[in-house]
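Undergrad: Okay, here's what each chain looks like letter by letter:
Number of protein chains: 2
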Amino acid sequence: MGMEVEVKAYADDLKGIESRIKEMGAELAWEGEQQDTYFNHPKRDFAKTDEALRIRKEKNRNSLTYKGPKIDEHSKTREEIQFLIENPDAAGDMLVKLDFTPVGTVNKLRKNYQFDDLKISLDSVEGLGDFVEIEALDAGISEQDVTEVRDKIIALMDDLGLKKRERTSYLELLYPELK
Amino acid sequence: MGMEVEVKAYADDLKGIESRIKEMGAELAWEGEQQDTYFNHPKRDFAKTDEALRIRKEKNRNSLTYKGPKIDEHSKTREEIQFLIENPDAAGDMLVKLDFTPVGTVNKLRKNYQFDDLKISLDSVEGLGDFVEIEALDAGISEQDVTEVRDKIIALMDDLGLKKRERTSYLELLYPELK
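Line by line, the protein sequences give chains Z and F. Every letter in the first sequence is one number past the one before it in numbering that gives the first Met the number 0, and letter 120, counting from 1, is 119. Every letter in the second sequence is one number past the one before it in numbering that gives the first Met the number 0, and letter 124, counting from 1, is 123.
Excised from the complex, chain Z in its bound form (with noise of 0.2 Å):
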């Protein structure tokens, strides 16, 4: 269990941006196409209470996924919990069985940097266009440190030009109903 500090915004010109990351040293990790699938409680609206639940299906790995409610203004700092599952199709049927709802799918093309300990991911959203996010790479920072970590991610993003900043999901851009 860590906390999660990431900063998305944006992005007229994903090519420029990735030229640019380069030139100061960051390093492609990974590339590839992500499906995630996001699912509601049986009992409590995550759209109210700004939690989500999410199984991740990548070329490789598939993941699952709870966030928390965002914890701080200006970013999208929040608790995540995370682990590798063998199956996701499997994990979605018992999902549903558990009364979760799934309530919509997130397809994008994601390519991850890596510059110091921070991750830069360039996306490319299905149906929404692309955006940046930077999120700190260490899933163990404690709290006190979330503030330093926040500061660093947004002096990154302004000196990328990355200003119109969006602290809304993915989702819950592609599926303005749920908000």
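Bear in mind the hints are in silico, worked out from the structure with no lab data behind them. There's no promise every hint is true.
[As the list claims (entries may be wrong)] Cross-link-like lysine-lysine pairs, in silico, DSS-like; alpha carbons within 25 Å at most:
| hint | chain 1 | residue 1 | chain 2 | residue 2 |
| --- | --- | --- | --- | --- |
| 1 | Z | K96 | F | K96 |
| 2 | Z | K42 | F | K42 |
| 3 | Z | K96 | F | K163 |
| 4 | F | K178 | Z | K21 |
| 5 | F | K56 | Z | K42 |
| 6 | Z | K47 | F | K69 |
| 7 | Z | K47 | F | K47 |
| 8 | F | K47 | Z | K96 |
| 9 | Z | K96 | F | K56 |
| 10 | Z | K69 | F | K96 |
| 11 | F | K96 | Z | K178 |
| 12 | F | K178 | Z | K96 |
| 13 | Z | K42 | F | K178 |
| 14 | F | K21 | Z | K96 |
| 15 | F | K110 | F | K96 |
[Claimed, not checked] Each pair of labels, with its calculated beta carbon distance range:
| hint | chain 1 | residue 1 | chain 2 | residue 2 | range |
| --- | --- | --- | --- | --- | --- |
| 16 | F | T104 | Z | T48 | 48 to 54 Å |
| 17 | Z | A154 | F | V95 | 35 to 41 Å |
| 18 | F | E176 | Z | T48 | 28 to 34 Å |
| 19 | Z | D116 | F | E176 | 36 to 42 Å |
| 20 | Z | G24 | F | K110 | 53 to 59 Å |
| 21 | Z | D116 | F | E32 | 22 to 28 Å |
| 22 | F | E26 | Z | L13 | 54 to 60 Å |
| 23 | F | E57 | Z | V95 | 22 to 28 Å |
| 24 | Z | G31 | F | N86 | 18 to 24 Å |
| 25 | Z | G24 | F | S123 | 53 to 59 Å |
We treat Cβ as the ideally placed atom computed from N, Cα and C, and that holds for glycine.
Given the structure of chain Z, go ahead and fit chain F onto it with the hints provided.
TA: This is chain F only, laid out in the frame that chain Z set:
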């Protein structure tokens, strides 16, 4: 997703049963400790609905399992959904965040033997004693085949002198207040 056909019985002489099934040609497939932690649902009482949600920790693998209500008077036949997970402690933390309640833990030493298309488990359960469980290996059994498979399992049980059947789960035997 498949049907689990399973019959369980008390065993007075586990060593004797083991010699007997080896003579019959059964082969040891797996041996080790299992720690099973069961969770109750946030909205319904699994003790009443006869369902189960379990995190299983083993030596080199961990799994998450959902079991549906038993659909047969004489065996433990029920729907089962199971998949491997990377991190059982994270899975437990996630379930608690999702308002599932841990209700109890079952520790046992298990030896799995393969015999034709059946799995024979010899269990020494902490606080309960020794048991034999026989189940069909193929998770894809159709509902039509369930009766046939169940009869085959029961014939083998009789043949091994395992007359004292038990439909109650280890969890409910250990925690009778859950019934």
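Undergrad: None of the hints should be skipped; say for each whether it holds.
TA: Hints, one by one, checked against the model:
no.	hint	in the structure
1	Z:K96 - F:K96	18 Å, holds
2	Z:K42 - F:K42	6 Å, holds
3	Z:K96 - F:K163	32 Å, violated
4	F:K178 - Z:K21	61 Å, violated
5	F:K56 - Z:K42	28 Å, violated
6	Z:K47 - F:K69	36 Å, violated
7	Z:K47 - F:K47	30 Å, violated
8	F:K47 - Z:K96	16 Å, holds
9	Z:K96 - F:K56	22 Å, holds
10	Z:K69 - F:K96	15 Å, holds
11	F:K96 - Z:K178	21 Å, holds
12	F:K178 - Z:K96	21 Å, holds
13	Z:K42 - F:K178	24 Å, holds
14	F:K21 - Z:K96	39 Å, violated
15	F:K110 - F:K96	34 Å, violated
16	F:T104 - Z:T48: 48 to 54 Å	29 Å, violated
17	Z:A154 - F:V95: 35 to 41 Å	36 Å, holds
18	F:E176 - Z:T48: 28 to 34 Å	31 Å, holds
19	Z:D116 - F:E176: 36 to 42 Å	49 Å, violated
20	Z:G24 - F:K110: 53 to 59 Å	55 Å, holds
21	Z:D116 - F:E32: 22 to 28 Å	38 Å, violated
22	F:E26 - Z:L13: 54 to 60 Å	56 Å, holds
23	F:E57 - Z:V95: 22 to 28 Å	26 Å, holds
24	Z:G31 - F:N86: 18 to 24 Å	22 Å, holds
25	Z:G24 - F:S123: 53 to 59 Å	57 Å, holds
Violation of the numbered hints given earlier is confined to hints 3, 4, 5, 6, 7, 14, 15, 16, 19 and 21; the remaining hints are satisfied by the structure.
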